[in-house]
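Given only the sequences and the hints, what does the whole structure look like? Please build it.
As given, the protein sequences belong to chains A and B, one line each in that order. For the first sequence, this note's numbering assigns the number 161 to the initial residue and increments by one for each residue that follows. For the second sequence, this note's numbering assigns the number 42 to the initial residue and increments by one for each residue that follows.
Read the hints as simulated data drawn from the structure, not as lab findings. Do not take every clue at face value.
[Stated by the list, open to error] In silico contact screen, one side only, chain A against chain B (beta carbon under 8 Å); selected entries: (1) PHE177; (2) LEU195; (3) TYR209; (4) TYR210; (5) SER586.
[Stated by the list, open to error] Result set (EDC-like, lysine to aspartate or glutamate): computed pairs, CA atoms no more than 20 Å apart in a straight line: (6) B/LYS177 - A/GLU173; (7) B/LYS169 - A/GLU270; (8) A/LYS319 - A/GLU270.
In this text, a Cβ means the ideal position worked out from N, Cα and C, and glycines have one as well.
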Amino acid sequence: MAKHVELKNHLREIFYFRLRLAISIGFVLLLLATLLVRFAYLQVVRHDYYQTLAETNRISIVPIVPNRGLILDRNGVVLAHNYSGYTLEITPNKTANLEATINELSALVEITPKDRKRFNKLLAERRNFETLMIRNRLTDEEVARFAAQQYRFPGVEIKARLFRDYPYGTKTAHLIGYIGRINQTDVEQLEENDLAANYRGSDYIGKTGLEQSYESELHGATGVEQVEVDSGGRAIRMLSRTPPSSGNTLVLSIDAKLQEIAEQSFGNFRGALVAIDPNNGEVLAFVSKPGYDPSLFIDGIDTQSWDELNNSPDVPLNNRALRGQYPPGSTIKPFMALAGLNYNIRSPSRTISDPGYFNLPGSSHQYRDWKQGGHGTVDMFKSIVISCDTYYYGLATEMGIDNIFSFLSRFGFGKKTGLDLEGETSGLLPSQEWKMKRYQQKWYAGDTVSVGIGQGYNLVTPMQLAYATATLANDGVGYKPHLVREVRSSRSRENRLIEAKPAFDLQIPPAHLDLVKRAMAAVTQPGGTAAQAAAGAPYRMAGKTGTAQVVGMKQGEKYDASKLDERHRDHAWFIAFAPAEQPKIALVVLVENGGHGGSTAAPIARKVMDYYLLGKVPQPLPDVSDKEVEEHD
Amino acid sequence: MTRRQLWLRFIAHLDLPLLLGIGLLMLTSLLVLYSADNAGWGRPLSQMLNIVVALTCMWLIANLPLHYLMRTAVPIYLLGMVLLIGVALFGEISHGARRWLNLGVTTIQPSELMKIGVPLMMAWYFEKHEATLTLKNYFVAALLLLMPVALIARQPDLGTALLISASGFYVLFLAGLSWRVMGGLLVAALASAPVLWSMLHDYQRHRILMLFDPSQDALGKGYHTIQATIAVGSGGILGKGYLNGTQTHLDFLPERTTDFIFAVYSEEFGLLGNLILLGLYSLVIGRGFIITANASTYFTRLMAGSITLTFATYAFVNMGMVSGILPVVGVPLPLVSYGGTSMLTLLLGFGMLMSIETHQKLVKT
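Now the structure itself:
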């Protein structure tokens, strides 16, 4: 068709077109002939074969559920595994009188009212021809007793099934989460994602925690057996079998022993602890207190336990480390100091004279320091060591909210950290636009003053603060935090390492870092706000205490009115990293209503660090809550 | 005007042989839907509504003079492209693919619009440059085809992308693309296949392999193929009789009102029924070819040919998929499967065929 520059000959063109059309018609005839041949083959030649399949026998497709992947800690300690056990199951479609059958069964094996309630719940949400569990974890004796009487119970059978078990129970509940029975919402979700085929035969799916966020790794690939079944539904011949492949094993960066020590160190306090290796973003411990028993949820929780968990004033179901949002209090000061240095607002040597309060020019309203009468002459180093409020009221005011917002957001405040767990909240880093949008009000100078000491509109999650602390400890180079270190494939023995990639480098001048880190190290020395907790440690710990006011803050949690007083005590914070010169661990401790960071939160940090750095297991703890608190942050 | 004159004017732009074929296929659709719905009226009735709406649109298009039709090519194509880009940026994810665009009032699937829009645009383009066609023009036309196809393939909706590619290829073929270029393209495609293959993810390769071996995916789409093949094969020569298909009525056939409706038909009416159905399709396709052969302008020839060939392709792909010789891609059986969108798209095409046939008759006389 190269070059027809002159006008074409119309007839010739028609001829060519008709030729092409004729070829097209031939093409269509070929397609039709192909279909005809295929139809004749299926409906004449192979008719008898398919006739048999359709009439007498049916091909039944039987899914084989894969074993769920294990979850291990960094040293191979099992955090979630499967064990096989016997269950007693009923197929409702094959059972005439359910109520009577269950009553008769209860003479053979113990069936508690709880079991009955759970069964009725399963009955209400069952799918076609599903067998429903009436009892799990049968003893050998019970199995034997039922087997002898099985002929009396059509539609009732014993099945061997795999159960999920969490050896660390409540201690890792917020981390590992739990699996639960697949419900209607899950089914829709699976269909939406084109995964329904792989979940044929599966009864459980990850509901929260790592069980949820790594569902696609843990579940495995469902196998399938094609069998011929007779009219009674019994398998008579296997036609083909594709074996299932087990889910992948997750190896966490969590250290189970460290997690346990951290959890126990809280005693009766509520709160959260997140420890991160600042050199690679691996999360070493992830605690939210109180926890709950995850095994309650696996086969559907009964109403009573649910009410207890749900209505408890301690809100055990709330993942405080990931979702709890609290004012950061004075733990924000090291970051504020860095911001001040960054924008050249305060030189390290410039001092202020602290009368014990601050007021905005032209206003008589006094913003008070925690120490009446003030701290005297304060420079930047001292402002961190003794946690001087007045210094930061002034610094924040001079810096302005726009600068504060832009600097702090670089440390990840106000943003999700991207941890590999679902449901993370983003905290709140206030800005002028935010306030206009939220309250239709302009930003006032007074708003900035409180932001300077981590009060006011500021909210952070423990996870966020831990991330920021790790970034600071690692000289401004942030690693995206993650809980899973390695995914081990069951199929190919191939291990996928979750690589430590620096997410960003804030390029903070070494001189700024040096000053702030030295000051934080002095916090744990005599004269600092956390001196007592660090006394006698053979390594140097850098830290910062903090206190978050509870009264007048919105936290989205309802507190029991009768306990109002106790629950209105301040929350205690402590952020720390150690060894101060070459940090191997960075952590944040939040103790709800714990009072002061130095006395309740810092001792917990000390125990965790002692174990991580020295391998020292703490003695049974004196109850920290009994101690009278003297110092303030 | 008398009643008779009104009637004549009403049918002036309808092509009766074509309408006969379409009508018989639609009747078949209602008949089979009644059976597939287990002797229920729900599906047949709402399919009737789909048919009425689609026939109305067909009548409107058939009455549209050709130069109006040509004028719609560019706007329809551009609108389709804008919507496809919109889908890529803001589309809603459903079943793992991004195909739908939520306009607040309603959700639309722009790839459906492009089934008409792409051949229309290409035919328009060739008509514009009819006098001075060079290789460059074929290249531009191919680009007009590949841009929307790439966007649709990325959604990912490989089935629709392939079908639109086919309809666009038919335009190129009928427009006289040289055999040498076609051969070159074929060689290039074969040569690049191993490279593309190595660029795919493992799971994507697995998916493609699964298309060719349904038993690998017996819990998912392979199940459809296995059960559908049993239904067709057990139908035999005369079929099991209307409303007597066991595969259908014992719930073994999935998607039996939509993509797999042919299995229901074939089980109940057998090889004889299949012959009749192929005959009806041949009637429609044959009439389409006659209209193509009579078409007087370059644009109308290309358009009519592409519409006819595309229709034939749909029918072949669906029946091939149900009888197990083609992989399962989501293509309905044209004019028979339940569904308003595909019915509408098809009848818009037939409206154009009728317009092409009847308007040039008027020009000739």
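Quick rundown of the hints versus the structure:
{"no.": "1", "hint": "PHE177", "in the structure": "holds, 6 Å"}
{"no.": "2", "hint": "LEU195", "in the structure": "holds, 5 Å"}
{"no.": "3", "hint": "TYR209", "in the structure": "holds, 7 Å"}
{"no.": "4", "hint": "TYR210", "in the structure": "holds, 3 Å"}
{"no.": "5", "hint": "SER586", "in the structure": "violated, 23 Å"}
{"no.": "6", "hint": "B/LYS177 - A/GLU173", "in the structure": "holds, 19 Å"}
{"no.": "7", "hint": "B/LYS169 - A/GLU270", "in the structure": "violated, 85 Å"}
{"no.": "8", "hint": "A/LYS319 - A/GLU270", "in the structure": "holds, 17 Å"}
Of the numbered hints listed earlier, those contradicted by the structure are 5 and 7.
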